[in-house]
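Undergrad: Protein chains in written order, with the numbering used here: chain G, 95 to 209; chain S, 2 to 116.
The reader is advised that the hints may include incorrect statements.
Stated by the list, open to error - In silico BS3-like cross-links for lysine-lysine, where the CA-CA straight-line distance does not exceed 27 Å:
no., chain 1, residue 1, chain 2, residue 2
1, G, LYS172, G, LYS151
2, G, LYS151, S, LYS4
3, G, LYS136, S, LYS4
4, G, LYS136, G, LYS172
5, S, LYS4, S, LYS74
6, G, LYS177, G, LYS136
7, G, LYS136, G, LYS151
8, S, LYS71, G, LYS172
9, G, LYS177, G, LYS151
10, S, LYS74, G, LYS136
11, S, LYS4, S, LYS71
Hint data in this document are derived by calculation from the structure and do not stem from the laboratory.
These figures come from a predicted structure and were not determined experimentally.
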Amino acid sequence: EPEVTQTPSHQVTQMGQEVILRCVPISNHLYFYWYRQILGQKVEFLVSFYNNEISEKSEIFDDQFSVERPDGSNFTLKIRSTKLEDSAMYFCASSRDRLSNQPQHFGDGTRLSIL
Amino acid sequence: AQKITQTQPGMFVQEKEAVTLDCTYDTSDQSYGLFWYKQPSSGEMIFLIYQGSYDEQNATEGRYSLNFQKARKSANLVISASQLGDSAMYFCAMRESNTGNQFYFGTGTSLTVIP
Numbered sequence: 095e096p097e098v099t100q101t102p103s104h105q106v107t108q109m110g111q112e113v114i115l116r117c118v119p120i121s122n123h124l125y126f127y128w129y130r131q132i133l134g135q136k137v138e139f140l141v142s143f144y145n146n147e148i149s150e151k152s153e154i155f156d157d158q159f160s161v162e163r164p165d166g167s168n169f170t171l172k173i174r175s176t177k178l179e180d181s182a183m184y185f186c187a188s189s190r191d192r193l194s195n196q197p198q199h200f201g202d203g204t205r206l207s208i209l
Numbered sequence: 002a003q004k005i006t007q008t009q010p011g012m013f014v015q016e017k018e019a020v021t022l023d024c025t026y027d028t029s030d031q032s033y034g035l036f037w038y039k040q041p042s043s044g045e046m047i048f049l050i051y052q053g054s055y056d057e058q059n060a061t062e063g064r065y066s067l068n069f070q071k072a073r074k075s076a077n078l079v080i081s082a083s084q085l086g087d088s089a090m091y092f093c094a095m096r097e098s099n100t101g102n103q104f105y106f107g108t109g110t111s112l113t114v115i116p
């Protein structure tokens, strides 16, 4: 069964550095998402992406964050000038369309640790 | 107001017994979808089951079933014949048709299956 893949599985970065998290969504999916889960807390929506542009974003997704689909398969989340509070698990997800009955398929996540 | 409320931070169940994980939701949309995800200790998010707001039958998927009570705005997950591998965090999520395509997650329930 096709799946969403994320790399790396764990990223350790010094505070103030830039980090890029990578995702390969399921190939016939059109909608892509990033979520964040701070340790012990619930999963929070960051951004959704469709047709090469952001379709929706939360207030967490400020100017520090950006997303890109640099080619036909990858979907990236860039965090500029990382802060300690950016430490979290970051999940990429994709869905075939945006109908309410479609599940979003999640990757295994990237655990980001900011030192 | 919280979109998704899960009031049981932790639950225990004896192996082979059934367990119900509670979820209530808040929406003014007529069309929405309710989802349950399992998150093992390894961290990945696994889609379990879906219930649509217009579905008259409760969803079932193997040992998982969803007790959908629309008037009460509840969508409880029932796991029958619990197995040790069911020990994990369980998240209830909702997707609304009219307000974008992000998922709203609850705070999760940690289920421990006792041998």
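Undergrad: Hint by hint, note whether the structure agrees.
TA: Results for each hint:
1. G/LYS172 x G/LYS151: holds, 14 Å
2. G/LYS151 x S/LYS4: Within the cut-off at roughly 17 Å; holds.
3. G/LYS136 x S/LYS4: Holds, because 12 Å separates the two Cα atoms, which is no more than 27 Å.
4. G/LYS136 x G/LYS172: holds, 22 Å
5. S/LYS4 x S/LYS74: holds, 11 Å
6. G/LYS177 x G/LYS136: holds, 20 Å
7. G/LYS136 x G/LYS151: holds, 17 Å
8. S/LYS71 x G/LYS172: violated, 40 Å
9. G/LYS177 x G/LYS151: holds, 20 Å
10. S/LYS74 x G/LYS136: Between S/LYS74 and G/LYS136 the Cα gap is close to 20 Å, so the pair holds against 27 Å.
11. S/LYS4 x S/LYS71: Holds. S/LYS4 to S/LYS71 sits at ~15 Å (cutoff 27 Å).
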